[in-house]
Amino acid sequence: MCGSLVISYDIYILRRIDVILLLCLFQSRPCLAGGEAYELYLKGDLSKAASSYFDEAAAQPAEARPLLNAAMCLKQAGRYAEAARAMTRALVRAPHDPDIYSELGWLRFHQADYTGASSAFETAIRIQTLHARAELGLASVYSNLEEKEKTLLHLEKYRALRPDFAGVDYILAWNYMNFKMHKEAEEALVEALRKDPSFTEARLPLAGIYARQGKFNEAWNQYYRVLDYAPGHPVASKMMKVLEGKLTKQPEEIRPPFRISKPLVMEPLDALQKLSGSVKIRVGIGTGSTGKQGRNNILKIKSFEGLTVTGKASGKLFANIPADAVWTVTGEEGRVVLKDPAGNIFGRFAGPILVKPGRPAGSVIFSASPKTSNPWFRGADRQYRGYIELYPNGARGIGAVNVIENELYLLGVVPSEVAPQWPYESLKAQAVLARTQVLIRRARGGQHKKDGYHLCDGQHCQAYKGMSNEHNTTSRAVVDTEGEILTYHGRPAYTFYHSNCGGSVQASKEVNGWGDSPYLMTKHDIAPDKPQTPLDPWEFQLWITGNPMANCNYPGRVRASEFRWMKIIRRKDMTFRVNKDYSIGELLDIIPLRRSPSGNVNSVMLVGEKRSVTVAKEHLIRNILGFSSLKSTLFEVEINRFKDGKIRNYWLYGGGWGHAIGMCQSGAAGLAGKYNKTYKEIMDFYFPGTAIRRIKYVKKNK
1 MCGSLVISYD IYILRRIDVI LLLCLFQSRP CLAGGEAYEL YLKGDLSKAA
51 SSYFDEAAAQ PAEARPLLNA AMCLKQAGRY AEAARAMTRA LVRAPHDPDI
101 YSELGWLRFH QADYTGASSA FETAIRIQTL HARAELGLAS VYSNLEEKEK
151 TLLHLEKYRA LRPDFAGVDY ILAWNYMNFK MHKEAEEALV EALRKDPSFT
201 EARLPLAGIY ARQGKFNEAW NQYYRVLDYA PGHPVASKMM KVLEGKLTKQ
251 PEEIRPPFRI SKPLVMEPLD ALQKLSGSVK IRVGIGTGST GKQGRNNILK
301 IKSFEGLTVT GKASGKLFAN IPADAVWTVT GEEGRVVLKD PAGNIFGRFA
351 GPILVKPGRP AGSVIFSASP KTSNPWFRGA DRQYRGYIEL YPNGARGIGA
401 VNVIENELYL LGVVPSEVAP QWPYESLKAQ AVLARTQVLI RRARGGQHKK
451 DGYHLCDGQH CQAYKGMSNE HNTTSRAVVD TEGEILTYHG RPAYTFYHSN
501 CGGSVQASKE VNGWGDSPYL MTKHDIAPDK PQTPLDPWEF QLWITGNPMA
551 NCNYPGRVRA SEFRWMKIIR RKDMTFRVNK DYSIGELLDI IPLRRSPSGN
601 VNSVMLVGEK RSVTVAKEHL IRNILGFSSL KSTLFEVEIN RFKDGKIRNY
651 WLYGGGWGHA IGMCQSGAAG LAGKYNKTYK EIMDFYFPGT AIRRIKYVKK
701 NK
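Residues in the sequence shown are numbered consecutively from 1, following my numbering.
Simulated from the structure, these hints should not be mistaken for lab results. Be aware that a few hints might be false.
Unchecked claim - In silico DSS-like pairs for lysine-lysine, Cα to Cα no more than 25 Å straight-line:
no. : residue 1 : residue 2
1   : K465      : K509
2   : K280      : K157
3   : K195      : K157
Stated by the list, open to error - Distance windows between CB atoms, simulated:
no. : residue 1 : residue 2 : range
4   : Q532      : H619      : 43 to 51 Å
5   : P360      : R570      : 29 to 37 Å
6   : E146      : K246      : 27 to 35 Å
Beta carbons: idealized from backbone N, C-alpha and C, even for Gly.
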């Protein structure tokens, strides 16, 4: 008897065996340093890492941590039974640790040992009443045993402990559907999407529920939303076509486009007008995920100030478009064709034309059209400062570039990248980083030099939604930091940033193709006065599946679904997705290999029936594991199996959104809001050794 906890006979026997093993190990093998085991773990040499941790356990017979680290290495390698045995040995050394019992329960659950799993989860809860992960584990056990009341009871307890976590509503919905409780499933899915609009896996079953209820318009809308986040999704694409003949409204009525009905008035007006003294840049608009021009078969243009259309090369005036009149531009036979509202052709152009507003402070508006092939111009009016260059773009129809002063461009970038309601100092930090990015890309031609512009308007470069997205607070941040950039040793720094790091920023050198900048280092996104210590395999497991403190864990300001997320993907869906890119046959295992000290997966092995492949590029790793892209590479995989060992589904626990290099935008908000840090202090935290400098623009009309 040990307190209120009884140590079972099998654990007693294991304790005796442990002593014998320790003696053998001391005599037969040298003790390796824990640092070496950790390095092996980061390199993805999981078997050697586990062996090294076992050696460390032999050298520290009173410590459970080395055995726990070994267990996590074995688990990551897909050796769940061995991992469970190591966990059981760890319990001999730490019999009162609820986390060990909980994780042992999950190892047993994923091997379909429901009796052993429930016993471990119940013990964890006896030790620690409010143990969220053990409650989820018990609910999962009872779900597989088809015990509805117990399943829902423990899921509600889990939701009470993690109220902002969209994953719990998704799991609730999953179980409601299994128990034929479709109304409750619908409510849970709607709640999951309220917390995380990008949760594609929640939209698909919700669309299915609507379709079964005969709500075809609502079902069609959900499938359409899936394609917003996962273009080309096979199920959503197929079902939209199936539902088209059953709609009771036109698509534009179901999803009415956003319309710009009056001019935007921004403050401070005088200061904004002075921003036009910066250099011009070229921004590709309506671009795809790789930053290339989208397919523009038809575009509608207008302006509150009227427009002029001139030839770029000749300067010849071809048309004066009255204020508020909507003209049409089409791509036909390798030419740009301009038509008035009556359909009369004003010109067929083999070269670029320039569309300029009637006054310098005016704007060009692309009026949303259901006939355009580019989703960017289909669902909403788009408004841009500066002027627009349109040109023939081969099979893609019309190319569109916004030519604009750099500082005016930033007015549309900053609110597209961060929430205007965030603490003001974080908005200023974003303005400085975005400005630095532009100047580097402009000076070097950028990734899109061959495309004819310096930057695209998507996350491939910097999100840019134009004038209609501007906000007073972010505009003031641009004005207050006008001309300021981040430098390192007097030269512009690489100012990478991302939405949410999940609690840990990774060094650029850890990711293929990102270079090695000394100021882009691995660090935990925690309060500046907190110590920076690495996450060993056991700590990482608890950290990624939990809700740890971090700058970017900022309830009320930052969506919880960006900090922690999960996915459950069926075996056949994962196999189908992987085989779209790699013909490996039935998917048998997913093994994360190389990790950065931040925890991000930088290479992953896909073990197939025919062959195995290793994926080692950040965007490929994120795109291959499911129909919709993972939010980040900060994740761990748990594989759930039937009793016969065949895979049932894949559980992915993840954190963050983006590549996790440079500034964590959510973390910057946390530093400013929770710790009252200035934008310069935020720069010092994420880019140590850099300095902010103010530049003077030399205008060149390019």
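Each hint, compared with the structure:
1. Our distance criterion of 25 Å between C-alpha atoms is broken by K465 and K509, whose separation comes to about 31 Å.
2. As the CA atoms of K280 and K157 are separated by approximately 56 Å, the hinted pair breaks the 25 Å bound.
3. For a cut-off of 25 Å, the pair hint linking K195 to K157 stands: about 18 Å separates their Cα positions.
4. Range check, Q532 to H619: Cβ separation about 28 Å, and the 43 to 51 Å hint is violated.
5. At roughly 56 Å, the beta carbons of P360 and R570 sit outside the given window of 29 to 37 Å.
6. Distance hint for E146 and K246: a CB-CB separation of about 34 Å, consistent with the stated range 27 to 35 Å.
Going down the numbered hints, you'll see the structure goes against 1, 2, 4 and 5, while the others check out.
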